[in-house]
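S.K.: Using the sequences plus the hints, can you model the full thing?
2 protein chains.
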Amino acid sequence: HLKTMEESPGGPSQKKVVAVVGGGLVGALNACFFAKRGFDVELFETREDIRQAKIVRGRSINLALSHRGRQALKHVGMEEKIVSQGIPMHARMIHSLNGKQSPIPYGKKGQYILSVDRANLNKELLTAAETYPNTKLNFDRKLQDWSAETGLMTFVRSDGSEEQVEADLIVGCDGAFSAIRKQFLRRSRFNYSQTYIPHGYMELTMPPINGEFAMKPNYLHIWPRNTFMMIALPNLDKTFTCTLFMPFEEFEKITTGDEVIEFFQKYFPDAIPLIGVDALKRDYFRLPAQAMVSVKCSPYHIGSKCVLMGDAAHAVVPFYGQGMNAGFEDCIVFDEIMEQFNEDFTQYELQTMRAHVNSKWFLFRKHIDNLLHFLMPKTIIPLYTMVTFTRTRYHEAVARWHWQDRVINRGLLFSATGALLGGSFLLIKNPPDINKLLVPAEKMWSRLVALRTS
Amino acid sequence: HLKTMEESPGGPSQKKVVAVVGGGLVGALNACFFAKRGFDVELFETREDIRQAKIVRGRSINLALSHRGRQALKHVGMEEKIVSQGIPMHARMIHSLNGKQSPIPYGKKGQYILSVDRANLNKELLTAAETYPNTKLNFDRKLQDWSAETGLMTFVRSDGSEEQVEADLIVGCDGAFSAIRKQFLRRSRFNYSQTYIPHGYMELTMPPINGEFAMKPNYLHIWPRNTFMMIALPNLDKTFTCTLFMPFEEFEKITTGDEVIEFFQKYFPDAIPLIGVDALKRDYFRLPAQAMVSVKCSPYHIGSKCVLMGDAAHAVVPFYGQGMNAGFEDCIVFDEIMEQFNEDFTQYELQTMRAHVNSKWFLFRKHIDNLLHFLMPKTIIPLYTMVTFTRTRYHEAVARWHWQDRVINRGLLFSATGALLGGSFLLIKNPPDINKLLVPAEKMWSRLVALRTS
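The listed protein sequences derive, respectively, from chains A and B.
Under the numbering used here, think of the first position of the first sequence as 628, with each following residue one higher.
Under the numbering used here, think of the first position of the second sequence as 628, with each following residue one higher.
These aren't lab readings, by the way, just hints derived from the structure by calculation.
Among these hints, one or two may not hold up.
20 Å max Cα-Cα, derived SDA-like pairs, lysine to any residue [stated by the list, open to error]:
hint, chain 1, residue 1, chain 2, residue 2
1, B, Lys923, A, Thr822
2, A, Lys923, B, Ser687
3, A, Lys923, B, Arg719
4, B, Lys893, B, Arg909
5, B, Lys809, A, Ala803
6, A, Lys708, A, Glu751
7, B, Lys763, B, Ser785
8, B, Lys809, A, Gln771
9, A, Lys681, A, Arg913
10, B, Lys923, A, Glu757
11, A, Lys809, B, Tyr819
12, A, Lys809, B, Lys893
13, B, Lys642, B, Tyr819
14, A, Lys923, B, Ser921
15, A, Lys893, A, Lys923
16, B, Lys809, A, Ser820
17, B, Lys809, A, Arg913
18, A, Lys750, A, Asp676
19, B, Lys809, A, Ser815
20, A, Lys769, B, Arg719
21, A, Lys880, A, Asn853
22, A, Lys769, A, Val783
23, B, Lys843, B, Lys642
24, B, Lys809, A, Ala806
25, A, Lys809, B, Val922
26, B, Lys923, A, Ser815
27, A, Lys643, A, Lys681
28, B, Lys865, B, Ser687
In silico negatives: residues of chain B with every beta carbon more than 10 Å from chain A [claimed, not checked]:
hint, residue
29, Glu706
30, Ser774
31, Val792
32, Asp795
33, Glu839
34, Asn845
35, Ile881
36, Asp910
No experiment lies behind these values; they were computed from the predicted model shown.
Using N, Cα and C, we set each Cβ at its ideal position, and we do this for glycine too.
M.R.: Laid out in structure tokens, this is it:
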């Protein structure tokens, strides 16, 4: 096996080079993990350094950090700092049509998730990676080509100049539209799917009122409305970022400022004064609704030369708050495997392959790739708790989830899901009555089974 | 709307240019369809002209032509010629382990499918396309780049020279690994999946004996063996092409000529003298087992500028014999839409989109993308008949299939499939008793339902 850095006789020429492609959240954190192990880490990012950038373009403004993500941050000594810059959300706050707000706690007392600023978290992670002397961050490097045989990569800079780097291991953390993954697609027996849901999302800002949060800050606010919904997460500057999820065709029906107000009047009346009529009319048309893609693939690696992590390997829709957290956990999982096999990358191949064969990850995905599950807090709490507040492997979380025996083993998964979704529609069409939402799902299920077998 | 060719005031400059990318079966047939409508047709194929080629590399040697494919050939006056060069197969011939052969007819008396030679069919279609004065076949043209906005395509020849062509409509018939489709993948909201099954396939030749077929010629011979199987289709030169389907790991277990014979002795003893011991030992190692991919995507088009057809749009595994037939039917379907909308391509967009939303094609795919269905002739005969001997739309074939009400609407699809597959395993492990195979599936199903509800 390859020697660990500690065992190797020193001298920088002896160190293995790990190239991390992508300087987003997972790439920057991974750079810290590999640097901590003593590898020569080279991080490559297409865009400029966001710490110097005037405008940060891209993905959603804030994110829900939960246990898996925190554990990964802890591993590189970043947990405390990031947590101190986040805003705890102890419960969901359900907004009914008449303006009534009803909290539904996350898991047990004391359990909470954190609203964190994506750009800030990314900056902090890049700065942390840079503190390792064996790490170099390279911005303005667009991947042009690479070889899975030699590990040779070619990058292009915005001035047109080319740069070549050879790595012992290439780690593709370049997101749902991964450039690294293109090479995987050209190889035989690589399974791949990208699926867009019919929903788009749009972000709107709810400013502070008299220097204070416009709503209670320590909640993830949710306006569940039939096939669409709005959520709001608090930011440190006392704004909320509201995200409206809705089928694209619904977005496209609204073409004037007055129609925006009319729409909000019908579905989110309590949000109008908080966002502001003028801001709403203006911001709704600032950017078109953004698409959401779910990516699945297997295997995640090519031999021992390249491995995909984060969204590049398994992009998910945002409703379960697991995209970043799962990506961060990838860093721990890979680190644990390196520990176990003395940094012999070839072992990763065996591990992932074995894991894949029996994986229930895909099964889990069936559950979370659905907006509507998000709208049924009570029925999914047992699963949600395991996913959000533990590092129980995703597929074990599903396995332990006591529904599984009843739903999946009886092969009734689809009809059950259908019926329950139907149920959730009914519940949510009317102003949500929390007691109704809290009807144990098991009861609903028993009725269903009774119905079917009768 | 665009004028049809008949209405247009003539002059070649007035004609719309249709570029068919790919000169395989579907591309060549499509060229005939578009030429017949009076378009200026330019066909581009990466490889040399197979009519001049010394060695034809590539896909399987023979194919089963059925009703859908024949209807498409008829449309361009090719049916009779191709049928006369094919060998009718009136039934499956099941080979049991002890050498017993038992026929299972296809559908009703008189219904049959045809074993046709892929290379010959391809050559005939290219020659037919060339008979239209408004068609030009361009070989040795590898697609390098193209624009969905302008229709401008760049091709490279093997001498390195480039050629640019601008088309009004680009038709991607370039197979499961379509180069045209790459452009689709870069666009937002394009759903795509490629899935490899665990099985590979290998072709072996069974020579004539004393100038005659080694087995009865008018059958599709099948050796069903648990998770793998062999089939054999007759050729005009009195050989049979045998295709062995088996999980890759099983293929890889066999590493010496003696192991090949041992394997055949165990599973296909009656085939050893017919293929020949020496040929078996040699040919098994001539080429590695080939992978089989299933491709699904949506939408099939970009605006009114480009449309995918055949394997480029919907590659299937071969067990239902529908790859070529479905691809040929695409030509008719597109032609019907052109007829209906006076060759206004933009209408195709609407049509396909509408069709897609309610499509049960994906549901159908769930059924056919499985080797084991092929092994249960009786249980699938109602569906098989509709698929093979009619042009009933695939999704309607499934809808009419009387199982659907029971299986799918009750949401028990998966457990039922599981149980039936289990059943088929049991049946096939022992030398197949045709009476058992003919036990009406409904009975099996009733027992199953009784079991579950009790």
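S.K.: For each hint, tell me whether it holds in the structure or not.
M.R.: Hints and how they fare:
A threshold of 20 Å between alpha carbons decides the hint, and for Lys923/B with Thr822/A the separation of about 11 Å falls inside it, so the pair holds. Taking the CA atoms of Lys923/A and Ser687/B, the gap is about 30 Å. The hint is violated against a cut of 20 Å. For the hint pairing Lys923/A with Arg719/B, the CA-to-CA distance comes to about 38 Å; that exceeds 20 Å, so the pair is violated. Under the criterion of a C-alpha separation no larger than 20 Å, the hint pairing Lys893/B with Arg909/B is consistent with the structure, at around 19 Å.
Between Lys809/B and Ala803/A the CA atoms are separated by roughly 16 Å; this keeps the pair inside 20 Å, and the hint holds. Proposed proximity of Lys708/A and Glu751/A is supported: the alpha carbons are some 9 Å apart, at most 20 Å. Between Lys763/B and Ser785/B the CA atoms are separated by roughly 19 Å; this keeps the pair inside 20 Å, and the hint holds. Among the hinted pairs, Lys809/B with Gln771/A is consistent with the structure: their alpha-carbon atoms are about 16 Å apart, no more than 20 Å.
Using a Cα cut-off of 20 Å, the hinted pair Lys681/A and Arg913/A holds, with the two alpha carbons roughly 19 Å apart. Between the alpha carbons of Lys923/B and Glu757/A the distance comes to roughly 43 Å, so the proposed pair goes past 20 Å and is violated. Pair hint Lys809/A plus Tyr819/B holds up; C-alpha atoms about 14 Å apart against a cutoff of 20 Å. Of the supplied pair hints, the one linking Lys809/A and Lys893/B is violated, its CA atoms being roughly 43 Å apart against a limit of 20 Å.
Restraint check for Lys642/B and Tyr819/B: not satisfied, since their Cα atoms lie roughly 34 Å apart, outside the 20 Å limit. Between Lys923/A and Ser921/B the CA atoms are separated by roughly 15 Å; this keeps the pair inside 20 Å, and the hint holds. Taking the CA atoms of Lys893/A and Lys923/A, the gap is near 37 Å; set against the 20 Å cutoff, the hint is violated. The straight-line distance between the Cα atoms of Lys809/B and Ser820/A is roughly 14 Å, inside the 20 Å bound, and the hint therefore holds.
Taking the CA atoms of Lys809/B and Arg913/A, the gap is about 30 Å. The hint is violated against a cut of 20 Å. For the given pair, Lys750/A sits about 9 Å from Asp676/A by alpha-carbon distance, which is consistent with the 20 Å threshold. Our distance criterion of 20 Å between C-alpha atoms is met by Lys809/B and Ser815/A, whose separation comes to about 16 Å. Taking the CA atoms of Lys769/A and Arg719/B, the gap is near 56 Å; set against the 20 Å cutoff, the hint is violated.
Restraint check for Lys880/A and Asn853/A: the C-alpha separation of about 17 Å stays at or below 20 Å, so the hint holds. For the hint pairing Lys769/A with Val783/A, the CA-to-CA distance comes to about 5 Å; that is within 20 Å, so the pair holds. As the CA atoms of Lys843/B and Lys642/B are separated by approximately 51 Å, the hinted pair breaks the 20 Å bound. For the given pair, Lys809/B sits about 13 Å from Ala806/A by alpha-carbon distance, which is consistent with the 20 Å threshold.
For the proposed pair Lys809/A and Val922/B, the alpha carbon gap of about 16 Å is at most 20 Å, so the pair holds. Between Lys923/B and Ser815/A the alpha-carbon distance is near 16 Å, which keeps this suggested pair within the 20 Å criterion. The suggested pairing of Lys643/A with Lys681/A is violated, with an alpha-carbon distance near 35 Å, which exceeds 20 Å. Annotation: proposed proximity of Lys865/B to Ser687/B holds, straight-line Cα distance about 17 Å (limit 20 Å).
Under the 10 Å C-beta cut-off, the non-interface status given to Glu706/B relative to chain A holds; the minimum distance is some 36 Å. For Ser774/B, the condition that its CB be more than 10 Å from all CB atoms of chain A holds, with the nearest at approximately 19 Å. Residue placement check: Val792/B keeps its beta carbon more than 10 Å from all beta carbons of chain A (closest about 25 Å). Its beta-carbon lying about 28 Å from the closest one in chain A, Asp795/B satisfies the requirement of being farther than 10 Å from that chain.
At roughly 39 Å, the least C-beta separation between Glu839/B and chain A is larger than 10 Å, which holds for a residue marked as non-interface. No Cβ of chain A approaches the Cβ of Asn845/B within 10 Å, the least distance being about 36 Å, so the stated non-interface status holds. Non-interface status of Ile881/B relative to chain A is upheld: no Cβ of that chain comes within 10 Å, the nearest being about 19 Å off. No Cβ of chain A comes within 10 Å of the Cβ of Asp910/B; the nearest lies about 22 Å off, and the non-interface call holds.
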